[in-house]
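So you can see what is in the structure, the chains are spelled out below.
Protein chains: 2
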Amino acid sequence: MGLDSAAIKPHERLGKYLASDMAAVNELIRDRMASKHAPRIPEVTAHLVEAGGKRLRPMLTLASARLCGYDGPFHVHLAATVEFIHTATLLHDDVVDESAQRRGRPTANLLWDNKSSVLVGDYLFSRSFQLMVETGSIRVLDILANASATIAEGEVLQLTAAQDLATTEEIYLQVVRGKTAALFSAATQVGGVIAKVDPAVEQALYDYGDALGICFQIVDDLLDYGGDTKATGKNVGDDFRERKLTLPVIKAVARADAAERDFWKRTIEKGKQEDGDLEHALDLLAKHNAMEDARADALGWAATAKAALENLPEHELREMLRDLADYVVARIS
Amino acid sequence: MGLDSAAIKPHERLGKYLASDMAAVNELIRDRMASKHAPRIPEVTAHLVEAGGKRLRPMLTLASARLCGYDGPFHVHLAATVEFIHTATLLHDDVVDESAQRRGRPTANLLWDNKSSVLVGDYLFSRSFQLMVETGSIRVLDILANASATIAEGEVLQLTAAQDLATTEEIYLQVVRGKTAALFSAATQVGGVIAKVDPAVEQALYDYGDALGICFQIVDDLLDYGGDTKATGKNVGDDFRERKLTLPVIKAVARADAAERDFWKRTIEKGKQEDGDLEHALDLLAKHNAMEDARADALGWAATAKAALENLPEHELREMLRDLADYVVARIS
Numbered sequence: 004m005g006l007d008s009a010a011i012k013p014h015e016r017l018g019k020y021l022a023s024d025m026a027a028v029n030e031l032i033r034d035r036m037a038s039k040h041a042p043r044i045p046e047v048t049a050h051l052v053e054a055g056g057k058r059l060r061p062m063l064t065l066a067s068a069r070l071c072g073y074d075g076p077f078h079v080h081l082a083a084t085v086e087f088i089h090t091a092t093l094l095h096d097d098v099v100d101e102s103a104q105r106r107g108r109p110t111a112n113l114l115w116d117n118k119s120s121v122l123v124g125d126y127l128f129s130r131s132f133q134l135m136v137e138t139g140s141i142r143v144l145d146i147l148a149n150a151s152a153t154i155a156e157g158e159v160l161q162l163t164a165a166q167d168l169a170t171t172e173e174i175y176l177q178v179v180r181g182k183t184a185a186l187f188s189a190a191t192q193v194g195g196v197i198a199k200v201d202p203a204v205e206q207a208l209y210d211y212g213d214a215l216g217i218c219f220q221i222v223d224d225l226l227d228y229g230g231d232t233k234a235t236g237k238n239v240g241d242d243f244r245e246r247k248l249t250l251p252v253i254k255a256v257a258r259a260d261a262a263e264r265d266f267w268k269r270t271i272e273k274g275k276q277e278d279g280d281l282e283h284a285l286d287l288l289a290k291h292n293a294m295e296d297a298r299a300d301a302l303g304w305a306a307t308a309k310a311a312l313e314n315l316p317e318h319e320l321r322e323m324l325r326d327l328a329d330y331v332v333a334r335i336s
Numbered sequence: 004m005g006l007d008s009a010a011i012k013p014h015e016r017l018g019k020y021l022a023s024d025m026a027a028v029n030e031l032i033r034d035r036m037a038s039k040h041a042p043r044i045p046e047v048t049a050h051l052v053e054a055g056g057k058r059l060r061p062m063l064t065l066a067s068a069r070l071c072g073y074d075g076p077f078h079v080h081l082a083a084t085v086e087f088i089h090t091a092t093l094l095h096d097d098v099v100d101e102s103a104q105r106r107g108r109p110t111a112n113l114l115w116d117n118k119s120s121v122l123v124g125d126y127l128f129s130r131s132f133q134l135m136v137e138t139g140s141i142r143v144l145d146i147l148a149n150a151s152a153t154i155a156e157g158e159v160l161q162l163t164a165a166q167d168l169a170t171t172e173e174i175y176l177q178v179v180r181g182k183t184a185a186l187f188s189a190a191t192q193v194g195g196v197i198a199k200v201d202p203a204v205e206q207a208l209y210d211y212g213d214a215l216g217i218c219f220q221i222v223d224d225l226l227d228y229g230g231d232t233k234a235t236g237k238n239v240g241d242d243f244r245e246r247k248l249t250l251p252v253i254k255a256v257a258r259a260d261a262a263e264r265d266f267w268k269r270t271i272e273k274g275k276q277e278d279g280d281l282e283h284a285l286d287l288l289a290k291h292n293a294m295e296d297a298r299a300d301a302l303g304w305a306a307t308a309k310a311a312l313e314n315l316p317e318h319e320l321r322e323m324l325r326d327l328a329d330y331v332v333a334r335i336s
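Just so you know, the sequences run in chain order X and F.
Residue numbering for the first sequence follows the numbering used here, starting at 4 and increasing by one per position.
Residue numbering for the second sequence follows the numbering used here, starting at 4 and increasing by one per position.
FYI, nobody ran anything at the bench for these hints, they're computed from the structure.
Small disclaimer: the values here were computed from a predicted structure and weren't measured.
Possibly wrong hints are sitting among the right ones.
Copies of the same chain look alike in the list, so a pair counts if it fits in one copy or across any two.
Calculated pairs, DMTMM-like style, for lysine to aspartate or glutamate (alpha carbon to alpha carbon, straight line, at most 20 Å) [claimed, not checked]:
1. Lys273 x Asp116
2. Lys12 x Glu277
3. Lys247 x Asp116
4. Lys199 x Glu15
5. Lys290 x Asp260
6. Lys199 x Asp145
7. Lys19 x Glu137
8. Lys309 x Glu322
9. Lys12 x Glu46
10. Lys273 x Glu15
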């Protein structure tokens, strides 16, 4: 099943099931991104928030809370919190990466300026902070504070690990936990925490989000070397041009002979890239089965995610989360 | 009394009185700015945190808590929180302002890069968030979340108000509350909140911090047009060159004749500045008593700050806070 399958996709099924909750989340997001004093804020955020991302992270929070039987109002606050943190991270990422495109549209730093992206990101982060305080749960705040620190640390680690051929799969995993999995796992865990689940269920929700997030990021990194530009909104080879050490390259570097090592040194470490280098990089990835092996890793994480679900109550939403884990990898099959 | 007065200054007296608390704050700051995975983080933060700022904000928190009789451990966490938020804001400010100098030293964005400043700022903000969660007080979190939102909103407002001659004193006050007073008032208020003071005392602490912060920023903006570079670590005329509408200029613009208005339009709105423009701007500020009137406003805010102290318990620290309010304005006398 590819991205263009005619069948209804798991995240769309989740979206339908959670439609009224998601409507409340969207209303809260619109309400809280307003600013009486600084109209630049809603301009920039609307560009991003309404760009039609899949809203996967808030859906994970809603699904976790609902499948644990939560019927209070605060899953909506937490879902909006998670989306605000995500959006703030995207704004800062685009400044750091000097990106010109996001989800197939020009980035905010291109449309406005880096200043607006930095400050509006800060604003969204502080708004997310207000939203979670409204839940009145110190436990929730603790989880989200720790996730925020992991995200920020992972971003800095990625910055310093970039261009460094000594980057191992272990460091890659730390970066991935920071840039993606920390927010996924916090999103699922807090859904359980407000439903006051027991520790085993909370742990299962965390494990599911963590494994799904890692799987998601590995697939994203794979698509960068072989995806469909229209579907991903990214250009093939962006990571190569930005000299990022992602899983396929780390595997190929580990298996490189002397000449190949020189190639990676020149293109990634020294950044001296020429016409034809991307094609040669793709050949080396193929030669060393790097794409296939990374895909196997992604499948392993999807299996871990599904195994974690066994510890959750039986529920229609649990089945959708299972299908979602399969679907994340199916994007590259 | 000027900056170079031989007498011991109020913030130094506060520092002496609170020396053991401040030592605990400094230790906590060093401990929490460490990062096992990303050594870039302590490099950047050490540059700033150890640059020898006056640590005014954490001292305000410690002083508030102590003068309200607090004897638990969490005033140290909150003081470190406030310093981390301040440092994160400085890192992001320097990216936004494209500054090359801070406190007379090169800025982090110059020594490393904008990316590091953005991401390490995010890291410090998330670390501050963890520190405040440790206090276990939702009320404290609420105050600091609201302060963070006010700070971020004020920064965006400053961005859009810059270069706009229609900026009023009212908008200036909003910007100043965001960029400075919100953190001062949160710093003093949370010191009282953890000491479980009654609402009138909490309000007085807030009012003191708010007025002191506004006073502090007005003085800072005045010094930009007439300060001693060595003492401020800034160059005279930085705000003019960056086309910032600060209080003296707002007053001079309001009183400008047609020719003067054209001058402000050209230099601030259009940013077409020539040799001699700064000198002419200073002449116009003098002609319209703009500096003197802004100084009178600062004195008014110092008086408001001192009046708020009347509602606090009698205490040696209260006298130091009173002297501090006088001292802030004395910097320009």
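Structure-based check of each hint:
no.: 1; hint: Lys273 x Asp116; in the structure: between (29 Å within a copy, 18 Å between copies)
no.: 2; hint: Lys12 x Glu277; in the structure: neither (40 Å within a copy, 61 Å between copies)
no.: 3; hint: Lys247 x Asp116; in the structure: between (24 Å within a copy, 17 Å between copies)
no.: 4; hint: Lys199 x Glu15; in the structure: neither (27 Å within a copy, 49 Å between copies)
no.: 5; hint: Lys290 x Asp260; in the structure: within (12 Å within a copy, 75 Å between copies)
no.: 6; hint: Lys199 x Asp145; in the structure: within (15 Å within a copy, 22 Å between copies)
no.: 7; hint: Lys19 x Glu137; in the structure: neither (27 Å within a copy, 39 Å between copies)
no.: 8; hint: Lys309 x Glu322; in the structure: within (9 Å within a copy, 63 Å between copies)
no.: 9; hint: Lys12 x Glu46; in the structure: neither (31 Å within a copy, 46 Å between copies)
no.: 10; hint: Lys273 x Glu15; in the structure: neither (43 Å within a copy, 50 Å between copies)
The structure shown violates the earlier hints numbered 2, 4, 7, 9, 10.
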